[in-house]
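So the sequences go chain by chain: L and V. Last residue of the first sequence: 279 (the numbering used here), numbering continuous. Last residue of the second sequence: 431 (the numbering used here), numbering continuous.
Any given hint might turn out to be false.
In silico DSS-like links for lysine-lysine, alpha-carbon gap of 30 Å or less [claimed, not checked]:
| # | chain 1 | residue 1 | chain 2 | residue 2 |
| --- | --- | --- | --- | --- |
| 1 | L | K133 | V | K394 |
| 2 | L | K225 | V | K323 |
| 3 | V | K323 | V | K49 |
| 4 | V | K197 | V | K322 |
| 5 | V | K42 | L | K225 |
| 6 | L | K225 | V | K49 |
| 7 | V | K268 | V | K153 |
| 8 | V | K268 | V | K167 |
| 9 | V | K167 | V | K153 |
| 10 | V | K153 | L | K133 |
Keep in mind that the hints were calculated from the coordinates and are not lab data.
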Amino acid sequence: MSALRTSRPARIGQYLALLAYLVFLAFPFLWLISTAFKPAPELASLHPTWIPEEPTLANFRQAFDEQPLLRAAGNSLVAALAAALIAVVVATPLAYVTARHRGRLATAATGWVVISQAFPFVLVIIPLFLILKNLHLINSVPGLVMVYVVWSLPFALWMLMGYVKAVPAELEEAAAVDGAGRLRTLVSVTAPLLVPGIVATALFAFVTAWNEFFFALVLLKTPEKQTLPVVLTHFLGAEGVADLGPLAAAAFLATLPSLVVFAVLQRRIAGGMLAGAVK
Amino acid sequence: MGRRLVTLTAALALLLTGCAGGDERPDDGVVRLRFQSLAWQKESVDANKQLVAEWNAAHPDVQVDYVQGSWDSVHDQLLTSFEGGEAPDIIHDAADDLGDFAYGGDLADLRPLLSERLRADIPARSWQTTTFGDGIYGVPFLQEPRVIIANRKILESSGVRVPTPEKPWTWTEFRQIARDLTTFMGPDRYAVAWPLKEPVSVSLNLGVSAGGALFHLGADSRITVDFTEADAVVTGTVHDQVVVDRTAPRTTLGSGGSDTLPGFFAGKYAMVPLGFAYRQQIAQQAPEGFEWTVLPAPAGSEGLAQGVSPQTLSIAEDSPYKKEAMEFLDFFLRPESMVRLARGDWMLPTGTAALADPSLHTARDGWATGAEVAERLRPAPAQAVRGYPEWKDKVATPAFQEYYSGAIDAAELRRRLEEDGNRVLARYYRK
Chain L
1 MSALRTSRPA RIGQYLALLA YLVFLAFPFL WLISTAFKPA PELASLHPTW IPEEPTLANF
61 RQAFDEQPLL RAAGNSLVAA LAAALIAVVV ATPLAYVTAR HRGRLATAAT GWVVISQAFP
121 FVLVIIPLFL ILKNLHLINS VPGLVMVYVV WSLPFALWML MGYVKAVPAE LEEAAAVDGA
181 GRLRTLVSVT APLLVPGIVA TALFAFVTAW NEFFFALVLL KTPEKQTLPV VLTHFLGAEG
241 VADLGPLAAA AFLATLPSLV VFAVLQRRIA GGMLAGAVK
Chain V
1 MGRRLVTLTA ALALLLTGCA GGDERPDDGV VRLRFQSLAW QKESVDANKQ LVAEWNAAHP
61 DVQVDYVQGS WDSVHDQLLT SFEGGEAPDI IHDAADDLGD FAYGGDLADL RPLLSERLRA
121 DIPARSWQTT TFGDGIYGVP FLQEPRVIIA NRKILESSGV RVPTPEKPWT WTEFRQIARD
181 LTTFMGPDRY AVAWPLKEPV SVSLNLGVSA GGALFHLGAD SRITVDFTEA DAVVTGTVHD
241 QVVVDRTAPR TTLGSGGSDT LPGFFAGKYA MVPLGFAYRQ QIAQQAPEGF EWTVLPAPAG
301 SEGLAQGVSP QTLSIAEDSP YKKEAMEFLD FFLRPESMVR LARGDWMLPT GTAALADPSL
361 HTARDGWATG AEVAERLRPA PAQAVRGYPE WKDKVATPAF QEYYSGAIDA AELRRRLEED
421 GNRVLARYYR K
């Protein structure tokens, strides 16, 4: 324990580094908020300010007026929630089996799913498009959900394997000695300890799907189905010209669901982790 | 647990089948055309939607569904859609993006479909921008010259000669005027700011005014790069303004057009060469009392000529309703409609009837200057060059960026564009 003890200057240095990191992380988001509330002349000022001198909601009004943001957010929400749910439902048993029953096949399978993450989108999009077309799943949210599940599954599997490995096998053996069956052991002993991992994985899958742009762009054809990241690009013109105020307003609104989900689930993750630690 | 899992799986399966997208093909005899538009500014989107609504009201048997795309991702999206056989029937794009799709057989040859009215209304030089091989693969309908947006007060109080389309600055005169203006403006201020985040199209298209072409068609039907003295006129002027004269700041070289506006509004730069449509941003964002004017780009041996890659409307080869799609385009591009679209996008129509509309010749917001320049626009030099995107990204963009910033000299720029560039292009013309 004494090895963890640090001197006062070192601790101050750590806090300063942490603060700098937080500022670094927060800067784009704070700037986005600031931009969203600025009127057009302030956006084009040579001396930008953090706090808008004449804050306005005009950018929000314009954003909602010009683009169907609510409908797009609804589509994104359905796709992201479904993708997160299915990803953890599929990945959890897979991760358990792969983590507990090691063998050449499991190792090879794990290696393959991790390597599959290295493929760029453009490499897979055309075959994927053709497959989904044959399945009549082009321009449908379920088709998009399937893609998102497939895309997030490898990393979800990888994450959950780590959580499964962190649960001592001795606990399951002790439950078996106490007379619990296989299913009872999984439900009563292992599953509660995996909850934080499952929540974290679901969160990862949700955010990945919520932010995804390219698949949604290519697979969804009609305006009614388009997701939020696709609709956000409608504020961009040729050669990088942007309708900056409404774009910032819409982008700010687009970050809110992720923040809410994080805020709600963060306590669950932390609480679950602590519970595991105590055990 | 097992039962729960089965129930969950069944529920998900139901969800999947219940939400699956239906067949888009109509069974009621009404033809439905999907029109993907890249209009993005409110006035432009409104104009597009209004025209579609007017068509739909007048043609109950041919209905057009408006779909909004985005300039940022249109190429990748179309590429995938064509490969998957799911492309929109009517496609909005830019002429310089059509080549691959035209040669790839993805776009319909419009020659048998075009109406005489449309064919006659749009000048031959504009049709050249969408002609690939023997076919015409898009209707060019909006175009955007590069102009110089200037701070009127600085310009007039400095006493320099203000150019007009009839008597524009030459490139040599422009350089001298930039020196005079910078001296007049004082320290830390510059006569001109060049936003050259995308330096290739600016260099090539403005270079046309001095006779620059860069790409040359050989007797063997292959295109090669040859950086001539004519090509060096515009590029040399920009380089010298940044590196030698210091009349243009180095800092804006990596900027997009919008990034230079705060400095322009603050009087840090007197002039910014920009696309014609940037006027909308300036009109919206300029502080109260800021006076601006639109000047023609300087002229060279070819006068005010410059290269341009118009916005286009094409029809997908896979569309089963090409005739109906063309009828819609003919309606959509009537002169009065072209004027509405042009005003919505703050651009200029290609159609001669639309271009003659008095509303596009007012002095307000510089429309008249643009309309004068429009008659001198020519196809962008890179228009039909196979391999241009790769040449641009791998060779030309870094070479121009380094040249303009002073990192390399003109000889090295020329070597890279020709030697390295021709190696890239050779692969495309070997096939």
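Hints, verified against the model:
1. L/K133 with V/K394: Not OK: L/K133 and V/K394 at ~34 Å, beyond 30 Å, violated.
2. L/K225 with V/K323: Holds, because 28 Å separates the two Cα atoms, which is no more than 30 Å.
3. V/K323 with V/K49: holds (21 Å)
4. V/K197 with V/K322: violated (38 Å)
5. V/K42 with L/K225: Since the Cα atoms of V/K42 and L/K225 sit roughly 21 Å apart, the hinted pair holds (cutoff 30 Å).
6. L/K225 with V/K49: holds (18 Å)
7. V/K268 with V/K153: Answer holds: V/K268 to V/K153 is near 13 Å, not above 30 Å.
8. V/K268 with V/K167: Holds, because 27 Å separates the two Cα atoms, which is no more than 30 Å.
9. V/K167 with V/K153: holds (20 Å)
10. V/K153 with L/K133: Not OK: V/K153 and L/K133 at ~59 Å, beyond 30 Å, violated.
The structure does not agree with the numbered hints 1, 4 and 10 stated previously, though it agrees with the rest.
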